[in-house]
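Student: Spelled out from the first residue to the last, the chains are:
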Amino acid sequence: GAVVSQHPSRVICKSGTSVKIECRSLDFQATTMFWYRQFPKQSLMLMATSNEGSKATYEQGVEKDKFLINHASLTLSTLTVTSAHPEDSSFYICSARDLTGYSNQPQHFGDGTRLSIL
Amino acid sequence: AQSVTQPDIHITVSEGASLELRCNYSYGATPYLFWYVQSPGQGLQLLLKYFSGDTLVQGIKGFEAEFKRSQSSFNLRKPSVHWSDAAEYFCAVGLNDYKLSFGAGTTVTVRA
Numbered sequence: 005g006a007v008v009s010q011h012p013s014r015v016i017c018k019s020g021t022s023v024k025i026e027c028r029s030l031d032f033q034a035t036t037m038f039w040y041r042q043f044p045k046q047s048l049m050l051m052a053t054s055n056e057g058s059k060a061t062y063e064q065g066v067e068k069d070k071f072l073i074n075h076a077s078l079t080l081s082t083l084t085v086t087s088a089h090p091e092d093s094s095f096y097i098c099s100a101r102d103l104t105g106y107s108n109q110p111q112h113f114g115d116g117t118r119l120s121i122l
Numbered sequence: 435a436q437s438v439t440q441p442d443i444h445i446t447v448s449e450g451a452s453l454e455l456r457c458n459y460s461y462g463a464t465p466y467l468f469w470y471v472q473s474p475g476q477g478l479q480l481l482l483k484y485f486s487g488d489t490l491v492q493g494i495k496g497f498e499a500e501f502k503r504s505q506s507s508f509n510l511r512k513p514s515v516h517w518s519d520a521a522e523y524f525c526a527v528g529l530n531d532y533k534l535s536f537g538a539g540t541t542v543t544v545r546a
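From first to last, the protein sequence lines are chains A and B.
Just so you know, the first sequence maps onto residues 5 to 122 in our numbering.
Just so you know, the second sequence maps onto residues 435 to 546 in our numbering.
It should be emphasised that the hints constitute simulated quantities derived from the structure, not laboratory data.
Don't take each hint at face value.
Restricting the straight-line Cα-Cα distance to at most 30 angstroms, the calculated cross-link-like pairs of lysine-lysine (BS3-like) are [what the hints assert, rightly or not]:
(1) Lys-495/B <-> Lys-45/A
(2) Lys-68/A <-> Lys-495/B
(3) Lys-495/B <-> Lys-59/A
(4) Lys-24/A <-> Lys-495/B
(5) Lys-59/A <-> Lys-533/B
(6) Lys-59/A <-> Lys-18/A
(7) Lys-502/B <-> Lys-533/B
(8) Lys-70/A <-> Lys-502/B
(9) Lys-483/B <-> Lys-70/A
(10) Lys-18/A <-> Lys-70/A
(11) Lys-495/B <-> Lys-483/B
(12) Lys-45/A <-> Lys-533/B
(13) Lys-495/B <-> Lys-533/B
Part of the chain A face toward chain B, derived, beta carbon under 10 angstroms [stated by the list, open to error]:
(14) Val-8
(15) Ser-13
(16) Arg-14
(17) Ile-16
(18) Lys-18
(19) Gln-42
(20) Lys-45
(21) Leu-72
(22) Asn-74
(23) Gly-114
(24) Gly-116
Cβ atoms here follow ideal geometry from the backbone N, Cα and C, with glycine treated the same way.
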């Protein structure tokens, strides 16, 4: 079945560092990917919609300059948390929209990235 | 305003007992409805979905859900839970099949 790979699974870094998270669709092309943020014991909040070859669409309240999204190919979207601070610590999950018609799932989720800023 | 409500934050159930997780939504029209399961530190796995048609939907792992338009509900059920069903469960809705709003989640604990 379709798989979405998210890397790294966990990252710990110092405040002020920029962190890049990759989201890859392994066996299908994804023109649209989504980035979510999940706080402990809370639900997923959609941060942005990533469209291949165009600018991402950010949800209200999400800082575009803080969370840079690049979707340069049909199988890869990246989220860069710039100048990360402790309040950016969270679980980040990506998903890729599947339009192949071979799966009964409209989108496939990665396993998430646990970001901890010291 | 559009919203998804999962009234139960935490449910504890004995192994072999039945399970029902509640989900209510408030949308302008009948939305697309989903149930996802999340194991600790992992992404989400789709259990089942409802777009239209038969209001009783069968999913993976023995789960089913029933859409009730009059109650704006989409409750998830399983007749007999297994220890491996312990996880976080999210109800999600959307006006299409990909841009979703998630409920706050229900944590299911299974006791032996």
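Student: If a hint holds in the structure, say so; if it does not, say that too.
Tutor: Status of the hints after comparison with the structure:
The suggested pairing of Lys-495/B with Lys-45/A holds, with an alpha-carbon distance near 24 angstroms, which does not exceed 30 angstroms. Taking the CA atoms of Lys-68/A and Lys-495/B, the gap is about 39 angstroms. The hint is violated against a cut of 30 angstroms. Proximity of Lys-495/B to Lys-59/A is assessed by CA-CA distance (about 38 angstroms); at most 30 angstroms being required, the pair is judged violated. For the hint linking Lys-24/A to Lys-495/B, the alpha-carbon distance of about 35 angstroms lies beyond 30 angstroms, and the restraint is violated.
Taking the CA atoms of Lys-59/A and Lys-533/B, the gap is near 17 angstroms; set against the 30 angstroms cutoff, the hint holds. At most 30 angstroms may separate the alpha-carbon atoms for a hinted pair to count; Lys-59/A and Lys-18/A meet this at roughly 29 angstroms. Our distance criterion of 30 angstroms between C-alpha atoms is met by Lys-502/B and Lys-533/B, whose separation comes to about 22 angstroms. For the given pair, Lys-70/A sits about 41 angstroms from Lys-502/B by alpha-carbon distance, which is inconsistent with the 30 angstroms threshold.
Restraint check for Lys-483/B and Lys-70/A: not satisfied, since their Cα atoms lie roughly 34 angstroms apart, outside the 30 angstroms limit. The suggested pairing of Lys-18/A with Lys-70/A holds, with an alpha-carbon distance near 16 angstroms, which does not exceed 30 angstroms. About 14 angstroms separates the Cα atoms of Lys-495/B and Lys-483/B, which keeps this hinted pair within 30 angstroms; it holds. Restraint check for Lys-45/A and Lys-533/B: the C-alpha separation of about 21 angstroms stays at or below 30 angstroms, so the hint holds.
Restraint check for Lys-495/B and Lys-533/B: the C-alpha separation of about 25 angstroms stays at or below 30 angstroms, so the hint holds. Here the hint on Val-8/A is kept, as its CB sits about 8 angstroms from the closest CB of chain B, short of 10 angstroms. Interface hint status for Ser-13/A: upheld, as the beta-carbon distance to the closest one in chain B is roughly 8 angstroms, under 10 angstroms. Evaluation of the Arg-14/A hint against chain B yields a held restraint, the C-beta minimum of about 8 angstroms falling below 10 angstroms.
With its C-beta approaching chain B no nearer than about 14 angstroms, Ile-16/A sits outside the 10 angstroms limit, and its interface hint is violated. A distance limit of 10 angstroms between C-beta atoms decides the matter here; for Lys-18/A the minimum to chain B is near 23 angstroms, and the interface restraint is violated. Interface hint status for Gln-42/A: upheld, as the beta-carbon distance to the closest one in chain B is roughly 9 angstroms, under 10 angstroms. The closest approach between the C-beta of Lys-45/A and any C-beta of chain B is roughly 8 angstroms, which is under the 10 angstroms cut-off, so the hint is satisfied.
For Leu-72/A, the interface hint is violated, since its Cβ never comes within 10 angstroms of a Cβ in chain B; the closest pair sits about 21 angstroms apart. Here the hint on Asn-74/A is broken, as its CB sits about 20 angstroms from the closest CB of chain B, past 10 angstroms. Checking Gly-114/A against chain B: minimum C-beta separation of about 5 angstroms stays under 10 angstroms; hint holds. Look at Gly-116/A: its Cβ gets to within about 5 angstroms of chain B, closer than 10 angstroms, so that hint holds up.
Violated hints, in rising order: 2, 3, 4, 8, 9, 17, 18, 21 and 22; the structure is consistent with all others.
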